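Sequence order for the protein chains is B and H. 545 is the number that the working numbering gives the last residue of the first sequence; the numbers go up by one with no jumps. 252 is the number that the working numbering gives the last residue of the second sequence; the numbers go up by one with no jumps.
Hints in this document: simulated from the structure, not taken from any laboratory. In this text, all values refer to a predicted model and were calculated from it rather than measured experimentally. Just so it is clear, CB atoms sit at the ideal spot from N, CA and C, and this is done for glycine as well. Hints may contain errors.
[Said to hold, decoys possible] One side of the interface only, derived from the structure: several residues of chain H facing chain B at Cβ under 7 angstroms: (1) R47; (2) T71; (3) G72; (4) T73; (5) Y75; (6) T77; (7) G121; (8) A133; (9) G185; (10) T186; (11) W187; (12) I202.
[As the list claims (entries may be wrong)] With beta-carbon atoms standing in for the labels, derived distance ranges: (13) B:L510 with H:L39: 45 to 55 angstroms; (14) H:T127 with B:L428: 36 to 46 angstroms; (15) H:L104 with B:P427: 21 to 31 angstroms; (16) H:A241 with B:D542: 26 to 36 angstroms; (17) B:D473 with H:D221: 23 to 33 angstroms.
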Amino acid sequence: MPLKFFALLLLCQLLGEIFTVWTRLPVPGPVVGMVLLFVGLVLRGGVDDGLGRVVDGLLSHLSLLFVPAGVGVMLHVAMLREEWLAISVALVLSTLVTLVATGLVMTALTGRIERRDRER
Amino acid sequence: MDRDLALGDIWVYLSASPLLHLTLTVGAYLLGDWLFQRSGRRAVLNPVLLAVIVLVVFLVATGTDYQTYFAGAQFVHFMLGPATVALAVPLYRNLPLIRRLWLPILAAILTGALVSATSTVWVAHLLGASRQTPMSLAPKSVTAPVAMGITEKVGGLPSLSAALVVLTGVLGAVIGTWVLALVRVRDDRARGIALGVTSHGIGTARAFQISDTAGAFAALAMGLMALISAFALPFAFRWVFGG
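So here's chain H without its partners, still in its complex pose:
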């Protein structure tokens, strides 16, 4: 039997089964995570970013469409829902931090939520982005599972949000401490809150490299930012754009 034909047969079988793309998704992520760990956890080498690049290159090279890929990847994607619910636990664990400083914390996070959403929507709109773009950009500082839920509710593109959320996370984690030092924010609690609000989980990971205090405040900020944005953004969009 012709060897090339046999390989072709295997490919036809594999590409029709969800197992291949499920395995590739987990494999690409593990590869990304390995590179990230090897680099000493540098934010630029974000595992999600690396995995997405590897997978898109692979799908384009093999001429696979997204629907076929997603038939396998949906098993991973599905876990986003329960994972979002699970975020209640770290939020609850970090709640004791809020006690004496509840006012500054809430004020800072509300400011961050407002500034983040309005500035992105406004700038994107000014630069002539189409209607769906600002809607997909607005929750860019919100942790990805919640951001995608928000985008879906307001009629944006959840997959675009997922990519923009990761980019915002990486950007904030890379320039965060430097920008904050420039405006003389050097308190670990304030640095943590700013990183968590701006760059969600990726910023929180960066904050834990500064100190445990910064990390805990970032985790708290990430949770509250997600909660506030999920309840405020859909209504804000309805109010601003109607419908």
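Chain B extracted, bound-state conformation:
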């Protein structure tokens, strides 16, 4: 029964929202819900077939879900006209350094661990 698993997702989100309001932590409620579900999966030691199907269905069109928010940029046209250069430069530069830094750290440390494993 897939509805049961959809209810589970909603319940995790609700508990997450309650938790963040209650503790006043500046963390998004759904992310706390994600942690709750993750802990549940680890404790259970697997993903139920029904839950897997509901989740795969929901996530297969994840990008549709941020279209309404994306259209909201039309509210910020005036601000974008003023700041488009700062935003574009920051976005491009940061994307470049993030790619390079992450890739290099991963390569360097993976290489070191695999060399060590071979020497053993």
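Fit chain H to the given chain B structure using the hints.
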């Protein structure tokens, strides 16, 4: 009866009902997705980007304001919450990858989270962006549903974040492998982690085109990046900007 008047009546009825903008949202996305598939899944033709452009053009042309549009689109928007919770499942499924390489993976993702947020905020600030802009830019490499949640918590503009997240995703997916080859990162696991950290779901889709290994590592990186950023960024902002 005058035909134009009848059409006008239908428009008045439709534009007041949430059904029209809900249908248009799904329709524009399907159109974008169709073009994306037809192009052989080229990252530049991102379905979200195409859908947003089509919808904004339509709303401006018909003189519809965002509030009216959102009254219909909110039914799609609402699903972001449960979808964010659902991200726990792919994260759990990809967890076995972490075993032997947990240290390099965590170090790389932490580095990426730190570099991504600080470099955007710093550059935007240097170039004279207003206060809300860096806050909306900071989670640009985080998957959109989580990024919007973070922006909301730190007092930025979630809708601006949504657009910037998609742009970052597309940019990273288009230039990613080329930039990584330039600095001699050719290992599929490292390429996957870098793409997932930088360009979330769009980068992950690109990584799956390289190999299944790259894709799995990218998906893992995307999930952990979202988790780390959601817990670290709001506190970092409080600490840096006060309040």
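Structure-based check of all given hints:
no. : hint                                   : verdict
1   : R47                                    : 17 angstroms, violated
2   : T71                                    : 12 angstroms, violated
3   : G72                                    : 12 angstroms, violated
4   : T73                                    : 10 angstroms, violated
5   : Y75                                    : 5 angstroms, holds
6   : T77                                    : 12 angstroms, violated
7   : G121                                   : 4 angstroms, holds
8   : A133                                   : 4 angstroms, holds
9   : G185                                   : 6 angstroms, holds
10  : T186                                   : 10 angstroms, violated
11  : W187                                   : 10 angstroms, violated
12  : I202                                   : 5 angstroms, holds
13  : B:L510 with H:L39: 45 to 55 angstroms  : 34 angstroms, violated
14  : H:T127 with B:L428: 36 to 46 angstroms : 44 angstroms, holds
15  : H:L104 with B:P427: 21 to 31 angstroms : 24 angstroms, holds
16  : H:A241 with B:D542: 26 to 36 angstroms : 31 angstroms, holds
17  : B:D473 with H:D221: 23 to 33 angstroms : 24 angstroms, holds
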